[in-house]
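> Read off the chains here:
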Amino acid sequence: MKVLINGETKEFQDNINLLELLKVEDVAQPDMVSVQLNDTFVTKDDYSSIVLKEGDTINFLYFMGGGA
Amino acid sequence: MIKIPQNVYEMMVEHAKRDLPNEACGYLAGKHKEVHYAICMTNTDASCEHFSFDPQEQFDAFKQTQKEGLQLIGVYHSHPQTPARPSEEDIVLAYDPRISYVIISLCAQEPDMKSFIIQNKTVEKEEIQIIVTQKETAL
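Which chain is which? The protein sequence lines are Y and E, in order. When you line the first sequence up against the working numbering, it's residues 4 to 71, in that order. When you line the second sequence up against the working numbering, it's residues 147 to 285, in that order.
Where hints are given, some of them may not hold.
[What the hints assert, rightly or not] 16 angstroms max Cα-Cα, derived EDC-like pairs, lysine to aspartate or glutamate:
1. E:213 to Y:17
2. E:209 to Y:11
3. E:179 to E:258
4. Y:13 to Y:48
5. E:177 to E:214
6. E:163 to E:258
7. E:209 to Y:42
8. Y:56 to Y:17
9. E:260 to E:270
10. Y:26 to E:242
11. E:267 to E:242
12. E:149 to E:242
13. E:213 to Y:11
14. E:149 to E:272
15. E:267 to E:256
Just so you know, these hints were derived from the structure itself, not from any lab. The structure displayed is predicted, hence computed values, not measured ones.
Whenever a hint applies, use it, and build me the whole structure from the sequences.
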């Protein structure tokens, strides 16, 4: 199954969920990324229940913050 | 080493000064460690000691740079009253190992800008090369 992830087409196993995909993408702490699936924000609680489909577009960006 | 055009450097410093007393923050768009331009972001913390990006603005910036064939290769933020080194909070919250973390300190008379790579909470200083850009001159 091919999906577009952060602008790059990649192949993943069928029925992979969003949480599994983030782990494959070396996201160590999925809670610290914001995800858009087909341009819609995904709630973190739903990462493991959303099964990806052929042609989906997934963008994820790390939380950015810090202090002084 | 990260390369920053002089006009982008000046814009980042100007942004840091403009947002005083709060921390300023933004993305650096470019390719292969060469910054093309800076994207000012809203500091949703509106604080002199903390910053956070707005996720919607993050995706807007990401999509803009993607359209241009560029990437978000760095993040910058200011330290209004402390040196240009990653704070403990900066290190703990540095989740993206792929990017440069640039800090602009305004605690001295002259602005001080430094860049770091932070991977697995380990900080490595990165050289900044300022690329001199030609300024238009009046004839």
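> Compare the structure with the hints numbered earlier in the document and write down the numbers of the violated ones, lowest to highest.
Hint check: 1, 3, 4, 12 and 15 fail, others pass.
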